[in-house]
Amino acid sequence: MTVFPVRLVVVDDHALFRRGLIGLINDLPGFQVVGEAGNGREALQVIQQEKPDVVLLDVNMPEMDGIQTVDQIRRMNLPVRVLMLTISEEQDDLLSAIRLGADGYLLKNIEPEDLRKAILRVAEGDGALSPEVTGIVLRALAQQGEIKSQPLLSDRELEVLDCLAAGQTTSQIAAHLFISENTVKTHVRHILEKLEASNRTEAVSKGLQLGLIHKKDG
Numbered sequence: 001m002t003v004f005p006v007r008l009v010v011v012d013d014h015a016l017f018r019r020g021l022i023g024l025i026n027d028l029p030g031f032q033v034v035g036e037a038g039n040g041r042e043a044l045q046v047i048q049q050e051k052p053d054v055v056l057l058d059v060n061m062p063e064m065d066g067i068q069t070v071d072q073i074r075r076m077n078l079p080v081r082v083l084m085l086t087i088s089e090e091q092d093d094l095l096s097a098i099r100l101g102a103d104g105y106l107l108k109n110i111e112p113e114d115l116r117k118a119i120l121r122v123a124e125g126d127g128a129l130s131p132e133v134t135g136i137v138l139r140a141l142a143q144q145g146e147i148k149s150q151p152l153l154s155d156r157e158l159e160v161l162d163c164l165a166a167g168q169t170t171s172q173i174a175a176h177l178f179i180s181e182n183t184v185k186t187h188v189r190h191i192l193e194k195l196e197a198s199n200r201t202e203a204v205s206k207g208l209q210l211g212l213i214h215k216k217d218g
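The letter at position 149 of the sequence shown is residue 149 when you use the UniProt record's numbering, and the numbering goes up by one with no holes.
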């Protein structure tokens with residue numbers, strides 16, 4: 001269960017954008033920005049000091065970029081959810097961030113209300129991807145087939161994986177499949193283990209690569 005206010009650190013090397021984003025977030029009920037940084041090195045210090053729930057992290061920054069920062073956050077076992085917020089639509093940036101443990105990847109053209117929902121979802125343990133990002137992943141899959149063999153997921157686990165790819169939260173999946181939230185969490189845990197994924201976002205990425213996800217048209 002999410003504890004309010006959700007505490008955030010905003011990391012972006014463009015001070016004007018960073019301050020504007022902080023003002024926007026602080027105006028939203030249930031959110032509090034507790035720190036900011038202009039690069040990854042500063043971010044690691046602020047995260048350790050302030051212990052936020054979520055860090056909003058740009059990709060392209062001086063000294064230590066966002067991809068390197070995600071890697072360090074996970075290596076240091078810092079208990080924070082990582083949501084990339086960037087202009088970068090580069091496949092390498094997206095896939096590297098997810099593989100290294102980012103919980104979501106959003107583009108900066110996102111609407112404020114969609115950003116609010118994404119932060120909440122990530123704070124609750126779910127993943128978040130911009131719609132354009134899903135398309136990037138699919139295009140990447142057409143160019144590279146890198147996972148060796150398909151892990152055996154049960155029919156129910158495949159249904160849960162489809163729901164994750166559709167952006168559903170734990171409670172929404174439970175209602176959709178008529179099962180309890182604890183059962184959903186158990187299925188998600190099994191999916192992560194079988195796909196060797198560190199979080200739900202990476203599980204969706206790998207599921208797409210393996211052709212396990214049935215994308216609905218429209």
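Don't read these hints as lab results, they were simulated from the structure. Some clues are possibly wrong.
[Unchecked claim] Straight-line C-alpha distance at most 20 angstroms; calculated EDC-like pairs for lysine to aspartate or glutamate: (1) Lys-185 / Glu-196; (2) Lys-51 / Glu-36; (3) Lys-108 / Glu-36; (4) Lys-108 / Asp-93; (5) Lys-51 / Glu-90; (6) Lys-117 / Asp-92; (7) Lys-117 / Glu-157; (8) Lys-117 / Glu-90.
[To be verified] Quick list of simulated restraints, FRET-style, between CB atoms: (9) Glu-132 / Arg-74: 23 to 31 angstroms; (10) Pro-131 / Leu-192: 19 to 27 angstroms; (11) Gly-125 / Glu-90: 37 to 45 angstroms.
Ideal placement from N, C-alpha and C gives every residue a C-beta, glycine not left out.
Which hint numbers does the structure go against, in order from smallest to largest? 5, 6, 7, 8 and 11
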